[in-house]
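S.K.: Below, each chain spelled out in residue letters.
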Amino acid sequence: MPDTQQLNDLVIQVRRDILRMVHKVNSGHPGGSLGCTEFFVALYNEIMELNEEFDMDGIGEDLFFLSNGHISPVYYSVLARKGYFPVEELNTFRLINSRLQGHPTTHEGLPGVRIASGSLGQGMSVALGAAEAKKLNNDNHIVYSLHGDGELQEGQNWEAIMYASAKKVDNIIATVDLNGKQIDGATDDVLPMGSVKAKFEAFGWDVLEVEQGNDLEAIIAGLKEAKTRTGKGKPVCILLHTEMGNGVDFMMHTHAWHGKAPNDEQLAIALEQNPETLGDY
Amino acid sequence: MKKYIDTGKKDTRSGFGAGLTELGRTNPNVVALCADLVGSLKMDDFIKENPERFFQVGIAEANMMGLAAGMTIGGKIPFTGTFANFSTGRVYDQIRQSIAYSGKNVKICASHAGITLGEDGATHQILEDIGLMKMLPGMTVINPCDFNQTKAATLAIAEHEGPVYLRFGRPAVANFTPEDQKFEIGKALQLTEGTDVTIIATGHLVWEALLAAEALEAKGISAEVINIHTIKPLDDAAILASVAKTGCVVTCEEHNFLGGLGESVSRVLVKNNPVPQEFVATNDTFGESGTPAQLMEKYGLNNKAIEEAVVKVLKRK
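Heads up: the sequence lines are chains A and B, in that order.
Using the working numbering, the letters of the first sequence map in sequence onto residues 1 to 281.
Using the working numbering, the letters of the second sequence map in sequence onto residues 1001 to 1317.
Derived from the structure by calculation, the hints contain no laboratory data.
Hints may contain errors.
[Unchecked claim] Pair ranges (Cβ atoms, derived):
| no. | chain 1 | residue 1 | chain 2 | residue 2 | range |
| --- | --- | --- | --- | --- | --- |
| 1 | B | 1135 | A | 166 | 57 to 67 Å |
| 2 | A | 137 | B | 1218 | 56 to 66 Å |
| 3 | B | 1182 | A | 26 | 53 to 63 Å |
| 4 | B | 1089 | A | 96 | 24 to 34 Å |
| 5 | A | 256 | B | 1122 | 15 to 25 Å |
| 6 | B | 1056 | A | 119 | 22 to 32 Å |
Here the structure is a predicted model, which is why all the values come from computation and not from measurement.
Virtual Cβ for every residue (Gly too), placed ideally from N, Cα, C.
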């Protein structure tokens, strides 16, 4: 059994990192980052098999690709706290000459990142390519990816989703962050997508839903279940029902904090709701 | 003037296919992807010999570029194959973010480039691809001139670490590059020595430039023909050395004059040795249906057009 207390502490600390990072530069995307904090913490600390040292090829380890690159704050915080780079470097988020660009990139050589993302809809294809390379290398590890739900409006996803089942890429677990929100409002208002589950299933994927997408134990159980479904001829998809802005009461139940930073007063309230656990950077 | 012999007309895309087949035998990391144009790209032999290293993606070029980027993670060297139009304009953002900005070792192999694709017309002829690709930081842009050079270039780019755009064509054209000539990325080839004018050509227009030089010689004009197979990085030194002798330039390409080889050459000249330059290129226009020869004639891309440009540039010296 995972030590959920330890993971909970990490979740709260990561939330603080996210809030402080975006506050400092008055830009960035806290909403989706907070909504996926528990997922990132679980994935990197309970699920993925990772090598000690980072190298680009990632042979003999699980890989992760973030397609919705705008939630870089949660990605950076979890990578730093996993030891990929110094936690203090979170201080440089979005500043000039930083490795922590607004959206993740390999261009500045930040350990843990294997592809640039930000322009939406490209990560599924990249993850599938990496999964195909693993098969060619007889590398029995899994490729994980994360996608926004609004991001599924990009057509390239559906090319990739069609490819994955047609080619039986069964060493991938693609998670969709179903928070139902995008910049301009609810996905149902901007461009209703109908049943994402039915769509993935129609495209030949094995789909499982995690209804409590902000509950660590539910996420871990879902990811473990997904893992058992790999290697069976079908790509695996997790529909992760999350709450954008989770953990900060005034950021929840709205799309307003998708890409907006809190001011000083709002930051103080948000941090009060998430008291320091593992030490601020 | 040195003479070049056409050893028999062949298409440059077959040169790519031959190179890819050889890579299949010699480099186990090479993988190939294609978006439903296997026959057009001459990939059949590679596929026959290496079925496990070939990925048919269907008519889904955006996905193909992303897959290729992903396959480099794990040490593969992906060669993507489709028409030049669908290799560039259609997937510009995928190339920009997932390949160029991400620094991935993908080889974008683009057939049916330029107007000589012919009868399919402007939807399939791209005259903007060199510009699109050369603007991407870190992208190497290569446009070989014949079958032998395209094959050699295909082999060479597998050894080069980083993204490459390799542009070739559909029609059978003169094959005159020595079969054993090694391809050096970024190194221009001086084909003839001359003193009156420098003719800098790329792709299918290199042979046209040689024909023009021969005709000019008969008129007492000495032309130095340079084959610029690599448009980026450009061999500035070779251009400047030639221009120092001749004092004027004609650039020749099967591409829009905006964004093409000619503009790259202009930049080198204007910074170092401004001399008169004329452009043999399309004039900010789309193409149309027709035979390759008719189109080269109508859009001013053949040896006759090069000759006329030389006469014009000589008057400006």
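S.K.: Give a verdict on every hint.
M.R.: Status of the hints after comparison with the structure:
Roughly 34 Å separates the CB atoms of residue 1135 of chain B and residue 166 of chain A, a value that falls outside the hinted 57 to 67 Å. Between residue 137 of chain A and residue 1218 of chain B the beta carbon distance is about 60 Å. The supplied range of 56 to 66 Å therefore holds. Separated by about 55 Å at the C-beta atoms, residue 1182 of chain B and residue 26 of chain A satisfy the suggested range of 53 to 63 Å. In this structure the supplied range 24 to 34 Å holds for residue 1089 of chain B paired with residue 96 of chain A, their Cβ-Cβ distance being about 33 Å.
Distance hint for residue 256 of chain A and residue 1122 of chain B: a CB-CB separation of about 46 Å, inconsistent with the stated range 15 to 25 Å. For residue 1056 of chain B and residue 119 of chain A, the hinted distance range of 22 to 32 Å is satisfied, since their beta carbons lie about 26 Å from each other.
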